[in-house]
Amino acid sequence: ETAGINDSEQGCSEDSLNRCDVLIWWGHKRHDNVKDEYVDRIERRVKQEGMGFIAVHSSHFAKPNKRLMGTRCSWGAYKTDGCQLKVRVNAPDHPITKGVGDFTLPQIERYSEPYRVPEPEAVPFAGTYVYPDGKEEPTRVGFCWTIGKGRMFYFAPGHETYPNLYRPEVQRLFANAVEWAAGRS
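Under the numbering used here, think of the first position of the sequence shown as 1, with each following residue one higher.
Keep in mind the hints are simulated off the structure, nothing from the lab. Mixed in with the good hints, there may be bad ones.
[What the hints assert, rightly or not] Straight-line alpha carbon distances no greater than 20 Å define the calculated SDA-like cross-link-like pairs of lysine to any residue that follow:
hint, residue 1, residue 2
1, Lys-66, His-28
2, Lys-86, Thr-161
3, Lys-86, Lys-66
Using the sequences and the hints, build the whole thing.
Listed below in structure tokens is the structure:
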């Protein structure tokens with residue numbers, strides 16, 4: 001099931017959330033338009049009922065993500081220079097990395113460390129940004145937490161300008177992340 005901010009109850013009706021084992025949230029620019037009552041519902045489902053939550057790219061600023069993290073979830077810097085990101089499996093035994101090898105995203109919107117969030121329980125994916133001038137910068141790419149009874153995963157790449165979410169490696173890691181966040185792996 002897919003939903004958006006313009007849907008009834010912004011796609012976060014009690015019925016929809018009750019049918020949801022894992023909520024994948026991608027948002028951009030309209031974060032403050034999400035009503036607090038729907039954020040409350042998501043928080044309750046994650047913390048008290050064990051629904052999984054996956055935040056993608058600029059959803060680090062999404063209200064549900066910030067509520068679950070308990071911080072502003074800001075990055076040290078943000079750049080739209082279209083640099084390359086070499087993603088490497090950082091935790092080969094983590095269920096989210098199963099069947100995923102190292103890969104390269106040819107263009108990316110860059111978020112630079114530090115990422116101001118609670119210390120993650122696991123960082124299944126790390127990476128290296130390669131700037132247009134050849135300079136390199138290490139970064140964390142995928143993060144895992146347990147929030148109350150729920151599991152949460154954040155994946156930093158995913159800007160709509162670049163087709164990175166359609167890459168087979170990224171789709172495999174998201175399939176794995178859904179299984180993990182649902183408590184199935």
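Practice task
Just pull the numbers of the violated hints for me, sorted ascending.
Solution key: The structure conflicts with hint 3 only, although it agrees with all the remaining ones.
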